[in-house]
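Use the sequences and the hints to build the structure in full.
Given next are the chains, with one letter for each unit.
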Amino acid sequence: MIGQTQKPLEEILEYLQGKEKVVVMGCGGCATVFHTGGKPEVEEMAEKLSENGKEVLAAIAPPFGTFTCYAPWSLEQMKPHRKEIEECDAILMLTCGDGLQVVREFVLEGEFGIRKPIYPGTNPIGHMGGGPTLFKEKCMQCGECEMGRLVGICPLTQCPKGFLNGPCGGTTKDGKCEVDPERECAWVMIYERLKEFGELDKLDEVRKPKDWSKMQRPRKIEVSPLVLE
Amino acid sequence: MKTKSNLERVLKAGHFAVTAELGPPRGADPEAVRKKAKILKGYADAFNVTDGQTAIVRMASWAACLVAKEEGLDPIVQMTCRDRNRIALQMDVLGVAALGINNILCLSGDHMSFGDHPGAKGVYDIDSVQLVKMVKDMRDEKKFQCGEEMEVEPRLFIGAAANPFAQPYDYRPYRLAKKVAAGADFVQTQIVFNLDRFKEYMKRVCDMGLHEKVYILAGVSPIRSYGAAKYMATKVPGLDVPEEILERMRKTPKGERAEEGKKICVEIIQQVREIPGVRGVHIMAIEWEEAVPEIVERAGLLPRP
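Quick mapping for you: the protein sequence lines, in order, are chains A and B.
To convert, count from 1 in the first sequence and add 6; that's my numbering.
To convert, count from 1 in the second sequence and add 4; that's my numbering.
All clues given are correct.
Pairs of lysine-lysine residues, derived as DSS-like cross-links and limited to a Cα-Cα distance of at most 25 Å, are as follows: (1) K255/B - K267/B; (2) K203/B - K179/A; (3) K85/A - K60/A; (4) K182/A - K239/B; (5) K13/A - K142/A; (6) K214/A - K147/B; (7) K220/A - K208/A; (8) K201/A - K207/B; (9) K217/B - K208/A; (10) K182/A - K203/B; (11) K182/A - K144/A; (12) K140/B - K208/A; (13) K216/A - K125/B.
It is worth saying that the hints were derived from the structure and are not from the lab.
This is how it looks when you write it as structure tokens:
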């Protein structure tokens, strides 16, 4: 999921300066889980904007499970509000940056042929998993998963230096990371697990520099369309 | 001889080597480097010039190396992966070799969060093991990391760091083995205060035969004050300062603590010298280069060969 926090209202109002009529849109996926763009947050934002003199033409809160970053679904959610979208001065997205840009590129400009100012209401802070309360960043989507040799722990993400050849010299006495002594050193964890599984020899090989071209942005992929039973 | 390095010459001849650290200034004054170089000259075989240590902006290592070289030192350029990707690293490797620098210490580098620009984006495109391998392939295979060939190779004596005092302790000799397999000619260790742990580490290193494949220099450092001792014991990750050393510094009257720090350093040098596999010492007198000549002399390591 995409971890996210809400932007301060002052920052949002700054973007919306001079824009009277606003459409607010959230997301039934990550933004609902992180309480930044679910139904309650979309309604609350609409209220706050009204209190600050804005006219909210529509407050779109997709139901849980309906991701705004998935273009067919956001299109479906926005179609009934096409009139308000055409009429508004700006759209405020309580979604991650994917949701915002998918709506702008595929729905507004692609399907509707509408060019409108569109602004973010959240700060995405990374792809993470966990829950229901604590979420942690575990994967950086490097394009070539290294965990086959690393017993299910990714040092590219879990080690602040992203090492592939073992721990740096800063591991603390109790096996924590020098950058964040609250956290276990990723390489101590990898070492312990390899030892447990009798696979320490996997550490002997000098791993070559990683091919970061697989992370050259912006990346894209084509798949066959999703068919739900 | 793989290079024109004085350090290589001293080690190959079988002498107990001495290297010392020279910290570049936090400004553009070359005199600050010259002053330190004049203090250190003749008291070590080669001189490590740090590369933005603790992630604080200072004069570039290669530039300070050049000033030190003009003063007659054989500098060791320290190069970290923190600030450069593989392209920049290889360009700098070629550059320092072209400028007549004979030694390089390949490091990962202290993380940005410790320094004066915590908002900086870290590079860490490759790690220190990969850097050792890359320099080795450039020198011995005349090959860039991408596999393409060069005409004139960088003749550098390749160094790496090792820390026997960081977890997981069991793995540290294997980590060293990896740096040796990657192509390290010499290794400088983290500062040795805990002699018991260091002896244990060196025993395993020798059992693995690594001492015959790489020159191992034990890191040492004079402690200047009780405050510095406490700081090293509690604030510096990967350093192990035993209670007895802290206690010794604490019990020494205030005005005599710097002297006691040098005394401890000399004692540690004498003890690591007796440990099988140790081929020299690396003295890190951080912002206290003036202490080095006296320590080297009192440790009986003069004159330098």
